[in-house]
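What follows is the residue order along each chain.
There are 4 protein chains.
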Amino acid sequence: MSPPSPARRGELLGIAAEVFAEQGYNATTVREIADAAGMLAGSLYYHFDSKESMLDEILAGFLDELWAGYDGVLAAGLGPRETIEALVTASFREIDRHRSAVAIYQREARNLAVQPRFGYLAESQRQFERAWLGTLERGLAGGSFRADLDVRLTYRFIRDTVWVAASWYRPDGQHSPEVIARQYLSMVLDGITPRPS
Amino acid sequence: MSPPSPARRGELLGIAAEVFAEQGYNATTVREIADAAGMLAGSLYYHFDSKESMLDEILAGFLDELWAGYDGVLAAGLGPRETIEALVTASFREIDRHRSAVAIYQREARNLAVQPRFGYLAESQRQFERAWLGTLERGLAGGSFRADLDVRLTYRFIRDTVWVAASWYRPDGQHSPEVIARQYLSMVLDGITPRPS
Amino acid sequence: MSPPSPARRGELLGIAAEVFAEQGYNATTVREIADAAGMLAGSLYYHFDSKESMLDEILAGFLDELWAGYDGVLAAGLGPRETIEALVTASFREIDRHRSAVAIYQREARNLAVQPRFGYLAESQRQFERAWLGTLERGLAGGSFRADLDVRLTYRFIRDTVWVAASWYRPDGQHSPEVIARQYLSMVLDGITPRPS
Amino acid sequence: MSPPSPARRGELLGIAAEVFAEQGYNATTVREIADAAGMLAGSLYYHFDSKESMLDEILAGFLDELWAGYDGVLAAGLGPRETIEALVTASFREIDRHRSAVAIYQREARNLAVQPRFGYLAESQRQFERAWLGTLERGLAGGSFRADLDVRLTYRFIRDTVWVAASWYRPDGQHSPEVIARQYLSMVLDGITPRPS
DNA sequence: CATGAATGAGTATTCATTCAT
DNA sequence: AATGAATGAATACTCATTCAT
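Line by line, the protein sequences are chains A, B, C and D.
Anchor point for the first sequence: position 161 equals 157 in the numbering used here, and the numbering is continuous, going up by one each time.
Anchor point for the second sequence: position 193 equals 189 in the numbering used here, and the numbering is continuous, going up by one each time.
Anchor point for the third sequence: position 101 equals 97 in the numbering used here, and the numbering is continuous, going up by one each time.
Anchor point for the fourth sequence: position 71 equals 67 in the numbering used here, and the numbering is continuous, going up by one each time.
Just so you know, the hints here were simulated from the structure itself, not pulled from any lab data.
It does not matter which identical chain is used: a pair holds within one copy or between any two.
Mimicking SDA-like on lysine to any residue, the simulated pairs with C-alpha atoms at most 25 Å apart in a straight line are: (1) 47 / 107; (2) 47 / 27; (3) 47 / 121; (4) 47 / 25; (5) 47 / 33; (6) 47 / 106; (7) 47 / 37.
Computed from a predicted model, the values in this text were never measured in an experiment.
Please take these sequences and the hints and turn them into a complete structure.
In structure tokens form, the structure reads like this:
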């Protein structure tokens, strides 16, 4: 009768996200989530409608936070290079805070996006692409980036390069998301061969 | 008229690989593979022991070919930069020829590698890492690469950069694997910002 | 077009009987029979209509031979004790010659007998019971057997005692069916405790 | 109202045992067990891991009880003849209480015993043989049994004689297991022909 | 809130059987 | 006579979900 406590829901979502990230959504049984939460499978249904709704909440929550960060960057009116740097940094910060959600997103988004319920994934991808492509084109026109770049290829290159890091990134004391972001950026922007001084 | 058994197996494996790549291994039902092959689910078992053995053959076949290419490169005695270039090019060529297998590998390898049957995946990963890390360290020592690189991070950067491309790369007339490889390499080696000439 | 050779059929039936006896009818696959015969599963269907028809032929053939022996004994006009001895001996002879068929019969007859196709099994059981019960009652009336015997119980006792031997009897040089029969008979007739001389 | 879990398991095992005994383990489908229990096939898996584990529990439970009885007899220090009598009586008592388990054991033990999971069946058979053979040999040496007995044959004779009764024995008011045991014993010990007084 | 027990739709797999060659 | 390939029905088992307590 009384509505489920939001705090408990949050805990449970965190647990579910970890298991989904570890094993994949399809390979994860509701029972495994319940085990990890110290309850029985059926009990999860007091808090959530379905396994799919857990996934939904995890992904939607992640995208909400991500776009909060991105929108701030895009609204700041930075130059193309600085925008790229800020977006990449924001992305690594998001990986740091929602690692499991990012990993789930990486693995499942493509197949989920075709379902009506997960239409917002496709929408987010479009916005994402628009933001990055726009910035790259602006930089190309202004000479911030090499003139011979294939913009779409470069977009994919940066996008994949950044997000795939979620599959191995584990937060520890040494590598803060900002440090990782700076190292990635130095490779993406300047490459791995030495520049002639 | 009807092709001999090994040819049929090959056909079926190709079909299965495409469906696995499209939907994920777990989310793919044997019935879907059979549908795609124009036969009934049970009929697949005349050719294969199990769904898992199909996956096994797909991945093992891919890794065999991949290592044939890599071993050739590594035995050629090239310099570090040329080795990286050749490895990346070999990888894109492999993506071109075994796109679905690469996509499956990307998505499933981590979870499969812990199973005894798929132990060769873990072994291949170790060899893979050794080859790349060794080359990078050699280049670092010899000045082919920037002295401030974090070798492990760079390894992951290049590795992911290349393989993730399998998730969107579709061969067409314009972008041969060699062309894609060259464009990627120019970004990885020299970055996306213009070099002061 | 040309009818299958009866000789080959006989061979195949013998092989099938052995596998059925070893593993049970249900647990035996047509493929296992074919393997044992050095052919492919489908090829058996040139010789037989179905797996069930193999079972049918095996059991019918065995019962035919068995009754040939029994009828001879029953028609001979022996006394009750001699009849029992002759029936037991005939049974052991049949076990010796059709061990697998007897083993199959023991294991499957009860469940098969309810099917119309195998109605002859039930019929045979009834005849069997009539022959044994009649002999025992004749012996009881004539004083050949102990007066305090429960005839039905004794019938089951002897029947089970004899036929179950098929589950372990293996023909070898030392124990001919006649020898085994004589030893059994001495136990059944005189018991295992010493008779006061 | 609803009985606690172990009781329900016991109920279900009893039902499964009856169906296995009636139709044979292989010929019994999980659905048939579920039907007999008034539930759906899948629901059985809430209580048991597999069809095989039901069989396992049934057989192990039966053997545990059987050996409880046998060990009591063997430890009592009776003479050979009294030991045989007590073992036979214990066996019929067990047939009375676990009729289906005994019938399953009779039909399936030979083929199951080779599987690692059912290794305890083979072990039990060895112990069983040791107990009976030892008793028979003791009796032979001490003159309780006829000097001309073939001990192994006699062992099989008695063993089969007793256990095969499970296939037809149905408890009713008139024939308690003790009564049946006494009648069997009188035949086994003294035979069916009259003794010269 | 949580449990225990069940449902029912699905899923991989098996296997007797068929049939063109 | 035998093969290779397929069919189709059945079967054990899984799992998300429901619900009375």
